[in-house]
Amino acid sequence: MRRNLWIGAVLVGLNAAVAALTLVWLPYGPTEMSGGRLSPPSWAHPAGTDRLGRDYLTQVMIGARIAMTVGIGAALLGGLIGTTLGVLAAFARRGLDDALAATLDILIAFPTLLLAMLVVAASDGASLWTAILAIGLAMSAIIARLVRILTKRVLAQDYITAARCSGLGWGKITIAHILPNILPTVMVAVALQFGLAVIAEASLSYLGLGTPPPNASWGQLLQQAQSTVFRAPMGVIAPGLALISLVLGINFLADGLRDLMDADEEIQP
Amino acid sequence: MGRYLLRRTFVLALSLIAAGLVLFVLLRLLPGDPAAALLGVGADDAQIAAAREQVGSDQPIWVQLGRFLSDLARFDLGKSFVSNQPVLPEILARLTITLPLTLAAFTLALCLAVPLGIIAAARADRWYGALISTISQFGLAVPVFWIGILLVWLVAIEWRLLPASGFPIDGWGDPWAAIKALILPVVTIALVMSASLLRYVRSATLDVLGADYLRKARALGETQAQALIRHGIRNGAVPVISILGIELASTLLGAVVVERVFTLPGLGSMLLLGIQQRDYPSVQGVLLISTLLVLLIGFAADVIQRLIDPRLRDPGAGR
Numbered sequence: 001m002r003r004n005l006w007i008g009a010v011l012v013g014l015n016a017a018v019a020a021l022t023l024v025w026l027p028y029g030p031t032e033m034s035g036g037r038l039s040p041p042s043w044a045h046p047a048g049t050d051r052l053g054r055d056y057l058t059q060v061m062i063g064a065r066i067a068m069t070v071g072i073g074a075a076l077l078g079g080l081i082g083t084t085l086g087v088l089a090a091f092a093r094r095g096l097d098d099a100l101a102a103t104l105d106i107l108i109a110f111p112t113l114l115l116a117m118l119v120v121a122a123s124d125g126a127s128l129w130t131a132i133l134a135i136g137l138a139m140s141a142i143i144a145r146l147v148r149i150l151t152k153r154v155l156a157q158d159y160i161t162a163a164r165c166s167g168l169g170w171g172k173i174t175i176a177h178i179l180p181n182i183l184p185t186v187m188v189a190v191a192l193q194f195g196l197a198v199i200a201e202a203s204l205s206y207l208g209l210g211t212p213p214p215n216a217s218w219g220q221l222l223q224q225a226q227s228t229v230f231r232a233p234m235g236v237i238a239p240g241l242a243l244i245s246l247v248l249g250i251n252f253l254a255d256g257l258r259d260l261m262d263a264d265e266e267i268q269p
Numbered sequence: 001m002g003r004y005l006l007r008r009t010f011v012l013a014l015s016l017i018a019a020g021l022v023l024f025v026l027l028r029l030l031p032g033d034p035a036a037a038l039l040g041v042g043a044d045d046a047q048i049a050a051a052r053e054q055v056g057s058d059q060p061i062w063v064q065l066g067r068f069l070s071d072l073a074r075f076d077l078g079k080s081f082v083s084n085q086p087v088l089p090e091i092l093a094r095l096t097i098t099l100p101l102t103l104a105a106f107t108l109a110l111c112l113a114v115p116l117g118i119i120a121a122a123r124a125d126r127w128y129g130a131l132i133s134t135i136s137q138f139g140l141a142v143p144v145f146w147i148g149i150l151l152v153w154l155v156a157i158e159w160r161l162l163p164a165s166g167f168p169i170d171g172w173g174d175p176w177a178a179i180k181a182l183i184l185p186v187v188t189i190a191l192v193m194s195a196s197l198l199r200y201v202r203s204a205t206l207d208v209l210g211a212d213y214l215r216k217a218r219a220l221g222e223t224q225a226q227a228l229i230r231h232g233i234r235n236g237a238v239p240v241i242s243i244l245g246i247e248l249a250s251t252l253l254g255a256v257v258v259e260r261v262f263t264l265p266g267l268g269s270m271l272l273l274g275i276q277q278r279d280y281p282s283v284q285g286v287l288l289i290s291t292l293l294v295l296l297i298g299f300a301a302d303v304i305q306r307l308i309d310p311r312l313r314d315p316g317a318g319r
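Protein sequences appear in the order of chains A and B. Going left to right, the first sequence walks through residues 1 to 269 as my numbering numbers them. Going left to right, the second sequence walks through residues 1 to 319 as my numbering numbers them.
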């Protein structure tokens, strides 16, 4: 029952620990040419070196920090905007609500990556922040649609009518009744989106639209290692496995959270 | 059914116009003057003014909107800023790569996901059922380009079985060469896509397995396999088909990453190039055509759902 939660927590915790570690310690400097070109894995360089002699392990560790930053940033942004929009849409009058719902559906029809590419194209040059903004905005449409449906379901409950009759305003009802009721489901959805955000960031930087060097993200590492994969396959394997461990961990965590919610009979989604 | 098709076509046309408007607004929101992008750095004011007149960005927004819509009605998507060639023929040429790529990958993914998903659900208590579910969980966490790079490394570089990248210059002139260039990209997309499809098939099958009509079929003497084939597939297919529509659409639009891995000159690479070069007509054209395709896919998914499920066709039936 709790197995998913544990596997997820360990994998995500490991990535978070590595990300935190890079703030204070790295095996080598990120741009330090510390070994021979494309040298195979050794004790000094467990994942080998790239074509300029830079340590792959160092770069993969920095990649963990960037993936966590973009994931957390996009999840916070998407969660906040999405929840606000969704609750507002649920409260809105019929016509406005329909228009919002239709707009969200059109936005969701476009994959996150495409919306993100447009946002990056709109801003002057790619950076860590454009990636967070782009992925967070794309994510917010998905969260908003979910929140709107959940809020409408809560609004139909008798205790909302009771709260209205006892003179509570809509603002207080939102804080006291709606948010606590929808939050567990929204958290699971945000967690799943977190995993997708990590993949989307990797795709963006693989396409050259993500974080610029020297803060190489996993996607950019993969893009550069692709041309030398026949001589240094670890350069492709290591960032890929790191990325999979993080996304897999997040998905397990989300599944575990959902199991926990289903077990708790008070909060049926 | 006829009335439904008529109504659904009307909705399709409306959503196409709406999507066109959204795109128009989105692209006009982009900072940076298309005219400046047309000229590049070092242009003087007179040149910029002339370019604005040519592009039409000196006009008020509603005049631009009118021009945009009337061009659209004549299937005129404008000319590329970079090559000065009309955008539409370029898009159609690139679709001859992206469409076969997407459709073949989709078909292969279905052939993998449907049987495996049904086995994973029907044999959830056996080791191989659990194994299939675990592998699909992994598949959800793997970025598609990573699989692509690994396949290029193993199949193309180590074993030298297939070309690593590119597409024949004369396109489909030599069909076998074109097919060989597409095999690895197709397998790459299909592997990742089947992981998420499999999970939907599995949960749809689990729902069907718990249904009363299946228990009754078993009680009437059918084996589980017979019951699943005669009653299960049709029932389970209905929720899966709408997911299929969404998956097909996102594969079409997501082909940009895979096309980059294999340097295929498809629609996705045109979009990427357009974004890098700030070539507004190209970006706008690619997005419009792909939106049209996405809406058509949704249309097809809805119609197929109604063909399979009589309850959707006639609300009175089946109650």
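Take these hints with a grain of salt, some might be off.
Stated by the list, open to error - Short, incomplete list of chain A residues facing chain B, as computed with Cβ under 7 Å:
(1) L115
(2) G171
(3) F230
(4) V236
(5) I244
(6) L248
What the hints contain is simulated information worked out from the structure, not anything from laboratory work. As the structure is a prediction and not an experimental result, all values here were calculated from the model. Ideal Cβ positions, reconstructed from N, Cα and C, are used throughout, including at glycine.
Outcome of the hint check:
The restraint placing L115 (chain A) at the interface with chain B is violated, with a minimum CB-CB distance near 9 Å, outside the 7 Å limit. The beta carbon of G171 (chain A) comes no nearer than 32 Å to any beta carbon in chain B, farther than 7 Å, and the hint placing it at the interface is violated. With a cut of 7 Å, the hint placing F230 (chain A) at the interface with chain B holds, because the nearest CB-to-CB distance is about 5 Å. Interface restraint check for V236 (chain A): the shortest CB-CB distance to chain B comes to about 5 Å, inside 7 Å, so the restraint holds.
A hinted interface residue such as I244 (chain A) counts as satisfied when its beta carbon comes closer than 7 Å to some beta carbon of chain B; here the least separation is about 5 Å, so the hint holds. Taking 7 Å as the C-beta contact cut-off toward chain B, the hint placing L248 (chain A) at the interface holds, the least distance being around 4 Å.
Violation of the numbered hints given earlier is confined to hints 1, 2; the remaining hints are satisfied by the structure.
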